[in-house]
Each structure stands twice: as C-alpha cells, then as structure tokens.
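Colleague: Each chain, written out:
Number of protein chains: 2
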Amino acid sequence: MTIIFNKVSIIGLGLIGTSILHAIKVKEDQKVLTFAYDINPEHRSIVSEMKIATYVCDDIKETVQEADLIILAIPVGSMKSVANLIAPHLKPEALVTDTGSTKLSVIKDVMSFIPTNNYFIPSHPLAGTEYSGPRSGFSALFENRYWLIVCDKETKQTKELALFFKKLGSIVETVNVDYHDRILAITSHLPHLIAYTIVGTASDLESDLKNDVIKYSASGFRDFTRIASSDPIMWRDIFVNNSEAVLEMLQRFNEDLSDLQKAIRKKDGEKLHSFFSRTKSIRERIIDAGQS
Amino acid sequence: MTIIFNKVSIIGLGLIGTSILHAIKVKEDQKVLTFAYDINPEHRSIVSEMKIATYVCDDIKETVQEADLIILAIPVGSMKSVANLIAPHLKPEALVTDTGSTKLSVIKDVMSFIPTNNYFIPSHPLAGTEYSGPRSGFSALFENRYWLIVCDKETKQTKELALFFKKLGSIVETVNVDYHDRILAITSHLPHLIAYTIVGTASDLESDLKNDVIKYSASGFRDFTRIASSDPIMWRDIFVNNSEAVLEMLQRFNEDLSDLQKAIRKKDGEKLHSFFSRTKSIRERIIDAGQS
Numbered sequence: 001m002t003i004i005f006n007k008v009s010i011i012g013l014g015l016i017g018t019s020i021l022h023a024i025k026v027k028e029d030q031k032v033l034t035f036a037y038d039i040n041p042e043h044r045s046i047v048s049e050m051k052i053a054t055y056v057c058d059d060i061k062e063t064v065q066e067a068d069l070i071i072l073a074i075p076v077g078s079m080k081s082v083a084n085l086i087a088p089h090l091k092p093e094a095l096v097t098d099t100g101s102t103k104l105s106v107i108k109d110v111m112s113f114i115p116t117n118n119y120f121i122p123s124h125p126l127a128g129t130e131y132s133g134p135r136s137g138f139s140a141l142f143e144n145r146y147w148l149i150v151c152d153k154e155t156k157q158t159k160e161l162a163l164f165f166k167k168l169g170s171i172v173e174t175v176n177v178d179y180h181d182r183i184l185a186i187t188s189h190l191p192h193l194i195a196y197t198i199v200g201t202a203s204d205l206e207s208d209l210k211n212d213v214i215k216y217s218a219s220g221f222r223d224f225t226r227i228a229s230s231d232p233i234m235w236r237d238i239f240v241n242n243s244e245a246v247l248e249m250l251q252r253f254n255e256d257l258s259d260l261q262k263a264i265r266k267k268d269g270e271k272l273h274s275f276f277s278r279t280k281s282i283r284e285r286i287i288d289a290g291q292s
Numbered sequence: 001m002t003i004i005f006n007k008v009s010i011i012g013l014g015l016i017g018t019s020i021l022h023a024i025k026v027k028e029d030q031k032v033l034t035f036a037y038d039i040n041p042e043h044r045s046i047v048s049e050m051k052i053a054t055y056v057c058d059d060i061k062e063t064v065q066e067a068d069l070i071i072l073a074i075p076v077g078s079m080k081s082v083a084n085l086i087a088p089h090l091k092p093e094a095l096v097t098d099t100g101s102t103k104l105s106v107i108k109d110v111m112s113f114i115p116t117n118n119y120f121i122p123s124h125p126l127a128g129t130e131y132s133g134p135r136s137g138f139s140a141l142f143e144n145r146y147w148l149i150v151c152d153k154e155t156k157q158t159k160e161l162a163l164f165f166k167k168l169g170s171i172v173e174t175v176n177v178d179y180h181d182r183i184l185a186i187t188s189h190l191p192h193l194i195a196y197t198i199v200g201t202a203s204d205l206e207s208d209l210k211n212d213v214i215k216y217s218a219s220g221f222r223d224f225t226r227i228a229s230s231d232p233i234m235w236r237d238i239f240v241n242n243s244e245a246v247l248e249m250l251q252r253f254n255e256d257l258s259d260l261q262k263a264i265r266k267k268d269g270e271k272l273h274s275f276f277s278r279t280k281s282i283r284e285r286i287i288d289a290g291q292s
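Protein chains in written order, with the working numbering: chain A, 1 to 292; chain Y, 1 to 292.
The reader is advised that the hints may include incorrect statements.
Taking beta-carbon pairs under 8 angstroms as the criterion, some of the chain A residues facing chain Y (in silico) [what the hints assert, rightly or not]:
id	residue
1	Ile4
2	Lys25
3	Ala87
4	Phe113
5	Ala202
6	Phe239
Hints listed in this document are in silico derivations from the structure and should not be mistaken for laboratory results. Just so it is clear, CB atoms sit at the ideal spot from N, CA and C, and this is done for glycine as well.
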C-alpha cells in the first residue's frame, strides 16, 4: 500500500477527529504517524489513554510542524483563530483541510492565513452521530459515507486528499462551495434547527404535560430529541456561519408549513393526503441510493 | 394462564392489526380464537397465507358476531362507518376497543353506535414503525411500549382490557381523553407534520439540487424522510381528527421557530447556544425513562 501522507495532524478530538484517528489506525499503513491536539487538556489525556494517536501534543505548534496533512476537525466558529495559530508553523508544501459543515465561511476564515507554499482544500465528511467528545469516535464512521472535497478543479493535492479519504472508507466527490452550503442547509442544518425547535417547544409545556411528553415520547418526537442532542457549540457555529442558505430554506419550509396548517384548519383531507403521498417517494429514492 | 377473552376479532390488517395477531399467537394461550377482517381482499388473503389468524373472514358480520373483544385497528377516519357496520352484530357484553391515535374524534364517531349491553373503551398503543400493510406486523411491536386506555374511571372491563394488553407485552396506563390528544399532538402528530413538510420542501427544489439532496441525504434529513414515509391515509385522518390540539402545538412551535430564525438572522450565537443546550437535557431524560 502506498502511503499518501506520512505524517498526519488532527486538531480537534471530538467525534470526527477521534474517528479519523481510529480509522487511520485500522485502515492505514501503521507507518503513518499521527499528531493529535485539542484545546481541552482533558480531551488530550483521554486520547492519550486510548492510544489512538502516535503523539498527543500539548502544543499546537508541535502538532503541525512536521505534518504533511493537517485536518481541522473543530467547530466552524474556531477555524479562524486556529488557522492564525498554525499558519506560521506549517512545513512547506503541507496540505491543510477541515471537516466543517459550512464551507463559504471556512474558506473566508482560513484561506487568508495559509502561506503561499501551502495548500488549503476544504472538505466535509457527511457522517456523524448525535454523540460528541473524544470517546464518541469509531473507525467505521466514514464507511460508505460521502466525503465532499470542495474545489473548482482537480489538482495533484485534491487527488491525494481524495485517495486518503477513500482509504478511510469514504466515497469521495468534489462539489462547488455555494452548492455545498445549500445542500447542507436542507439536508442537515434545517432538520437540526426544526428538531431543536420542537424539543424546545415541548420543554416549555406546563410541567405535568412536559413530564408525560417525556414518558410517552413516541416515534417522531423521540427521533427529534436524538437529533436535538448533538453538540450545541458545533450547531451554534453552523447556524451563524451558514445563515444565508439556512434562512432561504427556512423561508421555503415556512411557506409549505403554512399551507399544511391551512389544510388542517379547513380539514382538507384531500390536500393532506396528496402531500403525504408525495413525500413517500423521496424516501424510496433514498433507500434506492443506499443512504438509508 | 387465565384466558381473558376467548374470541378476539381484529378489524384492519395493517401494521397494528397484524402485530396484534402475531403477538396473540406468540404470547396468548393457543386456545384464543382470532377472527380477522380487512376491507381490502388482498390484505385478507395475505393474512390467510401467513396463518396468523384462526379465521380470516370475508364478511365483517362474521368477524364480530362471536367475539368477546373487537379491536378496531383502522384509520381514525373509518371508525364511524365501521362502528355503524358492526354494531348490530355484537354479542351481548362484547367489548369494543380501537387503536387510533386521536381519541376525542373516535369517541364521538363510535360511542353512539354501541348498544347499551356492550362496552366501548378506546385505547392507543404507543408503538409503530414507518412501515404499513399486513406484512409489516411483528409480535414484539408492543414489547415494553405504553398502551394507553382512555377512560375516566376503572371498571371490570378496563381491567380486563389492561390485562390483555399486558399479555401482549405492553405497559398499560389510563389517561383522560383531552390529555391524550394533547400529548399525542406534541409527541407524534406535530413531529410527523414537520417531517412531512421538510421532505416536501426538499422535493420542490430545482431538479439538480433535489437529486443531490437525495444522494447526500445526511443524518437529520434521512430520519425525517423515514418518519415522512408512514401511511398517508392514517396521517390524513389524524390531522383532520385532532386538528385543534395539533394547531395549538403548531402555534407554539411557530413562535419558537420565529425566535430562532431571528437569532440566526442576527447571528446571535449566545441565544442559539443556550437554546441548543436546553434541549439536550430532554433527550437525557428520555433515555433515563427507557423509551429511547
């Protein structure tokens, strides 16, 4: 097996960062050296104990200075400050990528810090669970999941990065930045916003009702509470940094919801039935696409 | 084991009806005779082939005339016409229940048809999947799930019904009718409405984007498409028949969503973070309650 990057640095030891470490350990040649860092010393010591990184560094400079590939697996709101911190210590030709869920903002925040003899290629693994923190990672997280590389044209570096992600189990595709942010707004960001909202609405109910909502939480609500238990900092940053695309999708959603609200008020069974039948076919196409 | 009802009639052979048949077969004494009926002849012949009922009847009259317990496992919009059909054929003292997700409407639709020497006690198993039809049932569906009996006071009949549901695996509790409809509006009906809406919004996107939404459907959206693939007729009837409680919860939801929308527009990270942190605790309580 060819080693694509000999030394890989992971900054941010949450679900994504530790899953990358697990996956490198399981799927990559053992000769790959990994350097791990998190701003939280507790996360660093957990990862040390787990022995999933070659080196856990207490200094962000040490983490990056030898690396061929640096992966920023941090909330998108921290990209700017971390890019600023690591930029002076990058090895010539080193490649920087990230795993954030908003791409326009990350490019804006990171690109200007990257020296001219380095590369920054944003990326985004479409993989996750509702769990967070260093103990939540696992090697199979990226298995058969898309990992999007955001670029306008293929280069030697985008190809190497794609090869690396494929070795971690992913299906790699390249997309344009605006398109990425709109797709994610509807497939991920808006559903999370809605789930957070409905769980919040339930938690504002009078106390008896609220307790029984928890007790009797049926399918539907239960799924929403799972989605709404994801990392609050990560999601805060996503909504602040992809506000434009999210607000656009939210407006469309609100219009559709108003229509259904009116149909319920009028007890217009025909309209409700035709709407509910239409959405069933989308599910069937997702199952066909193997992403269910 | 004491047999509570010797002859049980199941009307409606979808997910709930066939799951009851499976569960009786697995968990009840083999001496219990079951009579199965569905308005759709195809469903009847599938259930005949599966051999999960003692008798599959082509006539609704035959299905009920000997039964001690009749369970209406049909969409709530069909309760009225079915109650009208079966009422003249009920054996004296026979007990009728239903499994519908709205209870005020079912009581209104069914009660007036029930002869004075019979009993109608509405009930609702908080169990389900996104699948529908006679092949979707399975005996463990009710295992450790709540089965709510809607009544104001306990009687010999409510106790017998509770015992029967417990033998099918359920945890049985009694609730008041208005309370039931409000709890279900927030835990089940509103989440389904929202899921249907967002999948509908996505299916209205321009065609390229729509295809990639399906392709890249991430956690969040994928869960919503699952919820939104439930039986359209069942859901049409629920929204028409629980419109008041659903519209009340929807109004609260809309107010909360407007607040979050404003916070996103203003990029008010603090407000978003505090909202997202609050909802996490609800999930933890659901996990503690063993309903996750």
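Colleague: For every hint, state whether the structure bears it out.
Modeller: So, going through the hints one by one against the coordinates:
1. Evaluation of the Ile4(A) hint against chain Y yields a violated restraint, the C-beta minimum of about 24 angstroms exceeding 8 angstroms.
2. This hint is violated: Lys25(A) has a C-beta 24 angstroms from the nearest C-beta of chain Y, more than the 8 angstroms allowed.
3. Look at Ala87(A): its Cβ only gets to about 24 angstroms from chain Y, farther than 8 angstroms, so that hint breaks.
4. Here the hint on Phe113(A) is broken, as its CB sits about 22 angstroms from the closest CB of chain Y, past 8 angstroms.
5. The interface hint given for Ala202(A) is met, as the beta carbon of that residue sits about 5 angstroms from the closest beta carbon of chain Y, less than 8 angstroms.
6. With 8 angstroms as the threshold, the beta carbon of Phe239(A) comes within range of chain Y, its nearest partner Cβ sitting at about 5 angstroms, so the hint holds.
Violated hints for the displayed structure, listed by number in ascending order: 1, 2, 3, 4.
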